[in-house]
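Just so you know, the sequences run in chain order H and A.
One rule links them: number in my numbering = place in the first sequence (from 1) + 5.
One rule links them: number in my numbering = place in the second sequence (from 1) + 4.
No lab work stands behind these hints, which were simulated from the structure alone.
Be aware that a few hints might be false.
Computed from the model, here is a short list of chain H residues facing chain A with C-beta under 10 Å [what the hints assert, rightly or not]: (1) 91; (2) 94; (3) 143; (4) 158; (5) 166; (6) 224.
Since the structure is predicted, the reported quantities are computational estimates derived from the model, not experimental observations.
Just so you know, even glycine gets a beta-carbon here, dropped at the ideal spot from N, CA and C.
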Amino acid sequence: MSSSLGTYLLRRLGLAVPTLVGVTIIVFALIRLIPGDPARLILGLQASEDEVQRLRIELGLDRPLYVQYARFFGRLVRGDLGRSAVTREPVLGEITHRLPATVQLAVASITVAALGGMTAGVISATRQYSALDYLVMTVALFGVSLPVFWLGLMLMLLFSVYLKWLPAGGYGTFAHLVLPAVALAAFSVAIIARMTRSSLLEALNQDYVRTAHAKGLRQRVVIVRHALKNALIPVITVIGLQFGTLLGGAILTETVFAWPGMGRLLVGAITARDYAVVQGVVLVFAALFTLVNLAVDLLYAYVDPRIHYG
Amino acid sequence: MEGGGRAVGSTFKRLLSVAALAAVVFSWQGGPAGAQAVPRQLRIAIGIDADRLDPAEQTTTTIANIVDYMFETLVDLHPVKNEIVPRLATRWQVSRDGLTYTFTLRRGVTFHDGTPFNAHAVKFTLERLQDPRIAVALRFLVTPIKSVEAVGDDTVRITLSKVTPTFLADLTTTQFAIVSPAAVERAGDRWRAAPVGGGTGPYVFKEWRRGDAILLERNPAYWGKKGPFEELLFRVVPDAGTRLTQVLAGDVHQAMLPPAPDVKGLRRNPRVTVVEAPSDRVIFIVLNTQWGPLRDVRVRQALNYAVNKKAILASVLFDLGTVVHSPCPSMMFGYSPVQEGGWPFNPVRAKQLLAEAGYKDGFEVNFFSPTGRYIQDFQFAQAVAAQLRNVNVRANVGTMDWPSYVAMIQTPLERTRVQMIVLGWAWPVLDCDGVLYGQFHSSNHPPRGLGPAYYHNPRVDQLLDQERQEPNVEKRKALLKEAQQIIWNDAPWIWLWSQKWYVVTARNLEGVRIHPIEKWTALCEPEAPAVGHHCVTWK
């Protein structure tokens, strides 16, 4: 198994390479297809045209597109993502400045979401059609529907302005992390709760569950060890997808909570037409997403021993 | 320079946050806590992160505002008196031909790295601005400098290649702030992001945490009045609603541009102070003077008659603007009011003029506005369109993101989509030349310049060319006055208002003022005769 797992891993990682190259081409083309002149945007409306033209040449924007792409790709294979047109700093540095904040928020948020969502799902499924079930599912409906910028502001009003328990946005301490993590988790909690509920309900109707009950196992053991374990595969898939999305930068949450993550870096770069940064950030997002998906696939084998790779 | 407060998000989002914040603003019961100890760290929420901190490469007013705490210019502009006052230079003399400026420098001033501020540093700074490798956004303000000569330790002589009446005012912009030659050389490539030890100002650079905050420390050796706070933290908070929430929660002591719809309620809130003042950013609707019906001056005048500026200001802009009386805003040198109260609201006259021009049944026109760039921009554009409809002009309002918008403006006349667009124009130097030459001189038609009205009047071109070389103040004023009158009546724009700039501060923070160039007072204003010293304090 271990050698076949190794081959599997290598093959998957190998497949990621053309995917990522495809991503670079798409991003490169897309960001240049929309109108906007980076040099003018950086220097502002009042800058003189001579100065703007000088910057265009310096940024290589006067060259044909294929030359620009070739340059970009040539640097990329040497591990160089280029320099930001706005700050003139290496793109890699800009990303590494922001990555920790994004990872922190994504991990905190997915933890809240997984724990909260699975608990709610289990409660709901084991008490199907009870008042509690309806309550949990209604709350979940709100979780999916509430826009995060509104929820975020409401949380800040309650916990920062009135109760003064937590800071209203910003970055640094654990206290700063709580509100954004909760606000961001709201959507994922709801999705995970619903998925856990339906998947667990399906498992609870299986013959092996009836057998387990017949053996005289306690309800809790039946649910946790037999039903839930079998119901986990789709739940893990959803958690994986959610985590990938969260790593992709929670743009609104980062904006509302003044969180210095990658999502804001990307949006800022798009509005400034800072091509190098957009390309770099999207590439990193794509790579992270690929890795998370791979990790999820590997987790399947752990949860369900019937799954083999090879 | 571009304003720093870009609103984020859709109208829907704004509505929701407005409702949420209005609840807080109106429902607050508790009063101020009275005198409080001076905080160790003063925290100010800003809307955007810095791009770079080198004074020479500033592109954004808000970031230049932060740089002003660390770096100082030779001369400064007094925001109330509106005159040039000393900063690092104590005296100056201009030669009779207007080509040579001799500055006497302040003695005993040292840079943060301990090296002395002297004539050599001034020469180094000004020559560095001419280096093509430094991205100086407003380099055209530098190009008149022919040579800089250090005459002894505390005297500098600057020779210009052509008469530049605005030169002293130009020197007040942040890009001319004097830097320490030793610090610049030591920092090398890191200077842009970490200008350690390089300035003479009351605060010293400590740290820039990307996307999060910029931290400054008090300069214990400052030559002037020292700041009351040990540290200054500028926190990057892109969302206007969050900036306000942070002030209300006490997390920050000052925030720039809270949501415009909240300002009315905040003015009545006893816990905070709204500091607001007219800025030199004029907001207007460009009329492409070389497109269809707008080629006729009567049509353009009719559109001016058709718009009720005062009503829109009161109902859509929460009074965050003042109607303009001339193409040039009132705080600029050379301002001369052409029509008190602005272009009158008179739809009957508008209809008459349209009929005279042969557009009795009106016409259709494309009308674009950015969203979230200027105060209530897309919202007021819709109000304007509704008023134009009353005189049968059917303006189809559209919007697009800012980069596409700028690309639209930069297009040459043959290919332009501009018929009618909302635009704002501010100038870092308070001189009418900035707005008049930039927008109405025919050399500034896009893509060469950014004057999308494609306005061309040979007499105006002539007046503006003369004004740029006229050393005599009174004669220059007369030239600017005539230009303003002609342009106003030619109506290449629908004249609207000059926008206010505003911050909200904790009640205890006193003395913050708004400078017309969209900055707030960086600690202490320069001393001016008859006005004296004015500083920010904590009560």
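Hint by hint, here is what the structure shows:
{"no.": "1", "hint": "91", "in the structure": "holds (5 Å)"}
{"no.": "2", "hint": "94", "in the structure": "holds (6 Å)"}
{"no.": "3", "hint": "143", "in the structure": "violated (21 Å)"}
{"no.": "4", "hint": "158", "in the structure": "holds (5 Å)"}
{"no.": "5", "hint": "166", "in the structure": "holds (5 Å)"}
{"no.": "6", "hint": "224", "in the structure": "violated (44 Å)"}
In summary, the numbered hints that this structure violates are 3 and 6.
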